[in-house]
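Engineer: Chains as they are written, first to last, in the working numbering: chain B, 429 to 680; chain V, 2 to 267.
Since the hints were made in silico from the structure, they are not lab data. Just so we're clear, the structure is a prediction, and the values are computed from it rather than from any experiment. Idealized CB from N, CA, C, for every residue including glycine. Possibly wrong hints are sitting among the right ones.
Said to hold, decoys possible - Short, incomplete list of chain V residues facing chain B, as computed with Cβ under 7 Å:
1. Gly-106
2. Pro-125
3. Pro-163
4. Ser-168
5. Leu-170
6. Gly-173
7. Ser-177
8. Trp-181
9. Pro-190
10. Thr-194
11. Trp-264
12. Leu-267
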Amino acid sequence: MIKVEHLSLVYPPRVRRQEPVQVIKALDLEVAEGESVAIIGPSGCGKTSLLLTLAGLRAATSGKIVIGGEPVRRPRREVALILQDAGLLPWKTVWKNATLSLCFHDRRRSLPRSAYEQVHRSLSDLGLQGLENRYPAQLSGGQRKRVAIARALAVAPHVLLMDEPLASLDAFTKERIQALILDLWQRQHFTMVLVTHDMEEAAFLGQRIIVLSSPPAMVKAIVDNPAINQPQWRQSEAYYEQVRRVRLLCES
Amino acid sequence: MSHWPRWAQEIVNYSLSIVALLLLWQLAHWGAQLLFPPIHPRFPNPRAQILPGPLEAFGALAHNWRETSRDLEASGVRLILGLLISLFTAAPLGLMIGAGRRLNGLLTPLIYTIYPIPKVVFWPVLLILFGIGENSKVSFIVLMVFFQILLSARDAAQHIPPSYVISALAAGAKRSQLFWHVILPASLPEIFTSLRVSLGIGVAALYIAETAIRPRFGLAKTISQSAFPLIPARLYAGIIALAFLGLVLYIAIEAIERFVCRWKYL
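Required output: the full structure, derived from the provided sequences and hints.
Structural biologist: Spelled out as structure tokens, the structure:
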């Protein structure tokens, strides 16, 4: 489904006499269809850059990214992205934010009504019913993240990319939304790539956990974590064991 | 008062400010009378005369209301036209310059060259181009205000949080959609701020234009006519009318902003 081959990303210097910054170096990665992968690594190791490149928002310096058999050159409808700060537009209501992708893809107003009804259902599933006419400033942090999820799912994406989507939330809200994301992934069968620096989140949501090295980003280790589908996964001993393994790998 | 509706609070605030201003004016008038006593029982001191009391000024305003209302209308039309033309030309251009790196690189040196030139030097050029009628006056206001709005819009477009742009692009926005859905709404608050600043500049431009070539009707014409020879009450009546025009326009701009950018006032 997603194939990253020998990907390198170098940022040109912003100031004269500064060296170019290599954030990703010869990265190879494969994500199967319907798989959930968590990418974890130290701050500034290029996780967000990798995600933006996967989303077609940043051009790779060298290497290749193929999603669904097609090379990634620009943003695509079947690839949705959720940003760290939710990326909601403050001048649009919850409904308009949630249907933003549909609005952009529906220039000729040719999409069936069912597409918009699906967003209604998504908002209800995410506990946002009755808040459609509110603005992001009138929502709590958790509600904003849910709107971002609803917007991403509005176009029924094949791939969902998430950049630390639950950072800055309190532990209780974070765990509830993590469970919600897991549930949506299990029901809708999209491929999920989650970038995070939270080891527990990676162990809870990633079937495979990819540990990246300090910049420039290279794959340091891959942890298989196939048990995330198990009921009560967060309460299990195996979950804590995985968190401990990831922590050790990150610290080593 | 916190449980009052917003409009009622605003009316109270405005009324209190105006009453305070009138009280200060009256005190200043009495002070001037004390400081500059009459030279002779039959000849008042001209220095004391320069500041008539508010009652006297409002009396003159009421007395000349028919003429003043025509002045108010003529000046108001010139000012509003000038501001609207500037807004609808400078704001889109500024946003396009701010949003496009190449256009910004090309046009910024040009803007920085023209912006510091005092626009009043172009007054004779405008007179020759547009004649002594309304067009030269309105175009002078446009010239004075244009760059203010242009630069504010450009800066606003340049400082849009990247997450708005990234999320819109990731959602599939094309270039024109990015402009209408992100760049324009994100920049509107700054554009409204620049419009408020421009209103003050616009009033100054209106005064210069109406004083330089006196039209049949215009507040600045009345004010300058009442200054030489000095008719203090009428002079202040003209100033009150000019202040009233500015106040009404400020309130209108704020009301429009509160409606258009209601998300900012939540």
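Engineer: For which of the previously enumerated hints does the structure constitute a violation, in increasing order of number?
Structural biologist: 1, 2, 3, 7, 8, 9, 10
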